[in-house]
Amino acid sequence: MSLSVIPTKPAVLVRGLVRRYGERTVIDGLDLAIAHGEFVALLGESGCGKTTLLRALSGLDPIDGGSVKAPRRPAVVFQEHRLLPWDSLWRNVSLGLPADGARDRAAAALAEVGLGDRLDDWPRNLSGGQAQRVALARALVQQPELLLLDEPFAALDALTRLRMHALVKELIARHRPGVLLVTHDVDEAVALADRVLLMRDGAIAYERRLSSAASPQSVREELLAELGVAPPPRAPAFTSPSSHSVV
Amino acid sequence: MTLADPQAIAAFDAASPAAARKPAPTPQSRAARSRQTGLLALSWVAPVLLLLVWEALCRSGYVAPQILPAPSKVALTAWKLASTGSLFHDLGVSLLRAATGFAIGGLIGFSLGVLVGFSPLAEAAIDRSVQMIRAVPFLAALPLTIIWFGVGEGQKMFLVSLGVVFPIYINTVLGIRQVDPKLLELARVQGLSGWTTIRRIILPGALPSILTGVRYALAVAWLALVVAETVGAQAGLGFLAMDAREFLRTDVIVLTIVIYALIGAGSDSIARLLERRLLRWHPNFGGSGR
Chain H
343 MSLSVIPTKP
353 AVLVRGLVRR
363 YGERTVIDGL
373 DLAIAHGEFV
383 ALLGESGCGK
393 TTLLRALSGL
403 DPIDGGSVKA
413 PRRPAVVFQE
423 HRLLPWDSLW
433 RNVSLGLPAD
443 GARDRAAAAL
453 AEVGLGDRLD
463 DWPRNLSGGQ
473 AQRVALARAL
483 VQQPELLLLD
493 EPFAALDALT
503 RLRMHALVKE
513 LIARHRPGVL
523 LVTHDVDEAV
533 ALADRVLLMR
543 DGAIAYERRL
553 SSAASPQSVR
563 EELLAELGVA
573 PPPRAPAFTS
583 PSSHSVV
Chain W
14 MTLADPQAIA
24 AFDAASPAAA
34 RKPAPTPQSR
44 AARSRQTGLL
54 ALSWVAPVLL
64 LLVWEALCRS
74 GYVAPQILPA
84 PSKVALTAWK
94 LASTGSLFHD
104 LGVSLLRAAT
114 GFAIGGLIGF
124 SLGVLVGFSP
134 LAEAAIDRSV
144 QMIRAVPFLA
154 ALPLTIIWFG
164 VGEGQKMFLV
174 SLGVVFPIYI
184 NTVLGIRQVD
194 PKLLELARVQ
204 GLSGWTTIRR
214 IILPGALPSI
224 LTGVRYALAV
234 AWLALVVAET
244 VGAQAGLGFL
254 AMDAREFLRT
264 DVIVLTIVIY
274 ALIGAGSDSI
284 ARLLERRLLR
294 WHPNFGGSGR
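Chains as they are written, first to last, in the working numbering: chain H, 343 to 589; chain W, 14 to 303.
Note that these hints are calculated values from the structure, not bench results.
Hints should not be assumed to be uniformly reliable.
Here are the simulated EDC-like cross-link-like pairs (lysine to aspartate or glutamate), alpha carbons at most 20 Å apart as the crow flies [stated by the list, open to error]: (1) W:195 to H:493; (2) W:195 to H:536; (3) W:195 to H:422.
Computed, partial: chain H to chain W, Cβ under 8 Å [unchecked claim]: (4) 400; (5) 402; (6) 437; (7) 438; (8) 466; (9) 511; (10) 548.
Which stretches of chain W does chain H cover? Using the computed rule of at least three CB atoms under 8 Å from a CB of chain H, they are [what the hints assert, rightly or not]: (11) 187-199; (12) 279-287.
No experiment lies behind these values; they were computed from the predicted model shown.
The C-beta atom is built at its ideal place from N, Cα and C for all residues, glycine as well.
My request is simple: use the sequences and hints to build the entire structure.
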């Protein structure tokens, strides 16, 4: 296989990926490249295989065909925080780090997510947003080349989600890992990503690079249209109820 | 004698720990607290009344001392036996038997449980046999243990160990099996080694269930000891009771029953203390939560 078509050496390179669950082919000949330090968002309807792709990249699931080249140990933040309830926050964050200086590194990572004063607290005393921040600290403390985010903000309330977006943006800018964010939230994708991919029928169906030139609103409408959702009317004053699109 | 199956209860208890534990304490108003104190006092009225009626019946001669001694007489006997030191000697012998039997049975049950919990091969090889032996009420093995070991210390420790093995075994297997698979996935993502995964995720996750097993095993250990000691012994609480039977000393017999009860309650509180200490992180146990 020739790799010469890819201009720079990417952090992730997926060629012709196939993944089946029994008879059903969930991912069917998917190609994907993520550059070092690039933030890619992956949109798609529920059950289109977004999470399956992420699990293949993380090495959690085997693949049935094609090739996946990814850093040996990407960091993952799941939809649930998956903190160990029996360990203090710093012990949670340092899970998998060498024991030497683990507490100091965990402390620094927790300080970055605004929980520097809660080192010895238990996970059960955290709110949903705080727990997800600890999960983010646990992922970043590994200094990963690739960070995989599997709808990490989906269970949070709208306000907390916005705060998380700002925090993630700041942390990613500082640590510069390659990022693949799986989400079903178009606004989230537009707010965070350098490039938005749309997955359909087990492959990448659409791609949109976000530049500062394009207005977020137009990109948003373009993506929604591509997802098969008509954007809501700008002036809904005299529209009949039947003409409303359900988002 | 009918025996509830402690293993089945233990398994059920571990399967739904939240249902079996009392909820975490919540801040109370002063009125609610004084009401609580009132209820606490009320709950002691009936036992004290019962004790007084018992005392009165014995003093008035309605109940002969050979049938049931007065509580005051039992207390006096306790004092006498304690001051000669013979009570503590017998108590010590019994405690040592229980502790040794518990340690041996617990170690075997835990080791087998870990083995079966982790290895499908070990489960195929061991589990069916263990379950079949478990189906036998272990006290039915008593006559056999007497033939094997006589009525010495070995027989008592064996019977206690036999009773302890199963609740510990079953709850250890159950606890390991119930560890959240999502946390095991996390272990792989974080690149933990097999041993670190066991130490940091599987054993802590199995601990609530294992401690439930310990609590039931403690109760079973005492039951086994009472039976073993009553059948034949040269020392210990059971010996004290059977010796007293020869002389119709019902006061001594009642005293041993009371001591057995106290030790049973005591060991249960130790187990609860252990739970509160080791499961501080658990919303249903520790008290330092929000």
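Verification of the supplied hints:
In summary, the hint linking residue 195 (chain W) to residue 493 (chain H) is supported, as the alpha carbons are separated by about 15 Å, within the 20 Å threshold. For the proposed pair residue 195 (chain W) and residue 536 (chain H), the alpha carbon gap of about 30 Å is over 20 Å, so the pair is violated. Taking the CA atoms of residue 195 (chain W) and residue 422 (chain H), the gap is near 9 Å; set against the 20 Å cutoff, the hint holds. At about 6 Å, the closest approach between the beta carbon of residue 400 (chain H) and any beta carbon in chain W falls short of 8 Å, and the interface hint on this residue holds.
Taken as an interface hint, residue 402 (chain H) checks out: its beta carbon lies about 6 Å from the nearest beta carbon of chain W, inside 8 Å. Hint status for residue 437 (chain H) relative to chain W: holds, with the closest Cβ pair at about 5 Å, below 8 Å. The restraint placing residue 438 (chain H) at the interface with chain W holds, with a minimum CB-CB distance near 4 Å, inside the 8 Å limit. Look at residue 466 (chain H): its Cβ gets to within about 5 Å of chain W, closer than 8 Å, so that hint holds up.
The restraint placing residue 511 (chain H) at the interface with chain W is violated, with a minimum CB-CB distance near 23 Å, outside the 8 Å limit. A least Cβ separation of about 29 Å between residue 548 (chain H) and chain W goes past the 8 Å threshold, and the interface hint is therefore violated. For the stretch 187-199 of chain W, the stated coverage by chain H holds: 4 residues have a C-beta nearer than 8 Å to a C-beta of that chain, and at least 3 were required. Coverage of the stretch 279-287 of chain W by chain H is violated in this model, with 0 residues showing a Cβ closer than 8 Å to a Cβ of that chain against a need of three.
Checked against the numbered hints given earlier, the structure breaks hints 2, 9, 10 and 12 and satisfies all the rest.
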